[in-house]
Structures are given as C-alpha cells and as structure tokens.
Amino acid sequence: DVKVTQSSRYLVKRTGEKVFLECVQDMDHENMFWYRQDPGLGLRLIYFSYDVKMKEKGDIPEGYSVSREKKERFSLILESASTNQTSMYLCASSEGQSYGYTFGSGTRLTVV
Amino acid sequence: DAKTTQPPSMDCAEGRAANLPCNHSTISGNEYVYWYRQIHSQGPQYIIHGLKNNETNEMASLIITEDRKSSTLILPHATLRDTAVYYCIVRWSQGGSEKLVFGKGTKLTVNP
Numbered sequence: 001d002v003k004v005t006q007s008s009r010y011l012v013k014r015t016g017e018k019v020f021l022e023c024v025q026d027m028d029h030e031n032m033f034w035y036r037q038d039p040g041l042g043l044r045l046i047y048f049s050y051d052v053k054m055k056e057k058g059d060i061p062e063g064y065s066v067s068r069e070k071k072e073r074f075s076l077i078l079e080s081a082s083t084n085q086t087s088m089y090l091c092a093s094s095e096g097q098s099y100g101y102t103f104g105s106g107t108r109l110t111v112v
Numbered sequence: 001d002a003k004t005t006q007p008p009s010m011d012c013a014e015g016r017a018a019n020l021p022c023n024h025s026t027i028s029g030n031e032y033v034y035w036y037r038q039i040h041s042q043g044p045q046y047i048i049h050g051l052k053n054n055e056t057n058e059m060a061s062l063i064i065t066e067d068r069k070s071s072t073l074i075l076p077h078a079t080l081r082d083t084a085v086y087y088c089i090v091r092w093s094q095g096g097s098e099k100l101v102f103g104k105g106t107k108l109t110v111n112p
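Protein sequences appear in the order of chains A and B. Quick note: the first sequence, position 76, residue 76 per our numbering, numbers continuous. Quick note: the second sequence, position 65, residue 65 per our numbering, numbers continuous.
Hints in this document: simulated from the structure, not taken from any laboratory. A hint or two may mislead.
Said to hold, decoys possible - If you want the footprint, here are the derived chain B segments under chain A, 3+ residues with CB under 8 Å: (1) 36-46; (2) 56-67.
As the list claims (entries may be wrong) - Here are some chain A residues the structure puts well away from chain B; computed CB gaps all over 10 Å: (3) Glu22; (4) Glu62; (5) Lys70; (6) Ser82; (7) Thr83.
Where a beta carbon is used, it is the ideal one built from N, C-alpha and C, also for glycine.
Chain A extracted, bound-state conformation (with noise of 0.2 Å):
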C-alpha cells in the first residue's frame, strides 16, 4: 500500500526554536505539499515542490521554510517557531494533473 509518512504525530516545541516536520512518500512522486489545519480554517497551503530542489510558496509561507533534497523527502521548517503556529499539519504528494494526492496522518504541532 502506498505511503505518505510524517515524522511524528504529535509534537511540543517552544517559542523561538527551529522545528522540523519531516515527510517521506515511497510512491516515487513528483509533487508534494505542505498544509496546516485550523479549526474554522480549513486546510491551507504552506509550500509546495514539483522536483527536487523545487519549491513554491502556498497561500500562507510566512515563517516557514521548506526542503526538498531527495525526491522522497520534503521536510518543513519553523524556523523560530511561534504560538501562532500551533497547528495540525499535513504533507501530501501526487503523481500529477490528473491523479489523486495522498496525505499523512499529520502532525499536531503545540508551540509553547
């Protein structure tokens, strides 16, 4: 069964210190996607990489960096993380256009 795995499910962190989400897919993707979820919200667009060492800026990249060295690995950076960054956040890849994306379980991040 395909696979799309985040690092950790939950996570505790405090303000100001560099986080790491990491994401690796075994499908041999192209693309792949940061999001995080906020009640009310909804799911929003951090990051996105169509190749590696590509990135694209989503609806909402303030604070955030992303990395994309090998192609099974996109991992996301705070990096100088905030209250406001308590989130639910999701990876995700696809093939293409015309395929589904397959997400992760996600990460509960609580920044403190």
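Since chain A is already given, all that's left is putting chain B on it; use the hints.
Just chain B now, with coordinates in the frame of chain A:
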C-alpha cells in the same frame, strides 16, 4: 484560483444516498474537480475526481454539470463510517506546478 462553495453541513439517514453539492462557477477548462473527505484527526482521503464526464468508482459517483460550474458527489448507500467532512476542490495548475485549494467543506453526519 478557482474557488468552491459547499454547504457547511448536511445530514443523511443510514442506508440512503447522500448527495453533496458543490459550486465552482469560476472553474477553467483544464481544472479538475476533486473530492476528498476527512474523518476526525486523520489526513484527508481521496474519493474521486473528474474533468468533464461523470465518474464512478467503488466509493462514490461524481456528477459534473455540462457547463462545469457545479458538481455533486453521491454516496449511494451511506453508512455511519461515512460521517466526515467532505471537501470539493478545484485543482489549479500553471506550467509545471499545481496545487489543491481547499475550501471549508461540508460536514456530513450519517444518522442511524
């Protein structure tokens, strides 16, 4: 980006068909309509997608109007496990990059 409009909530009796509407009046010719659902605390799950023609798979049917400005997801025999938030999404693409733009979805409650 093309946006979608869905009712915030719907109810359905177990065993009956659930018909979930979606408006996407600004959709352009090369944009697909996707449906996902999300059960509490899990990542979104792909259901079905289409471009112009109606589609059916083992989970659901997708009916797209001829002008492509709206669509309906049909769960033919809803079960309690179909209780979830359902997202209708138009897939945006430009050049080599593409992304899903999520709305707030419809919370479907299947009642016994």
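Hints and how they fare:
no. : hint  : in the structure
1   : 36-46 : holds (count 7)
2   : 56-67 : violated (count 0)
3   : Glu22 : 15 Å, holds
4   : Glu62 : 17 Å, holds
5   : Lys70 : 19 Å, holds
6   : Ser82 : 23 Å, holds
7   : Thr83 : 21 Å, holds
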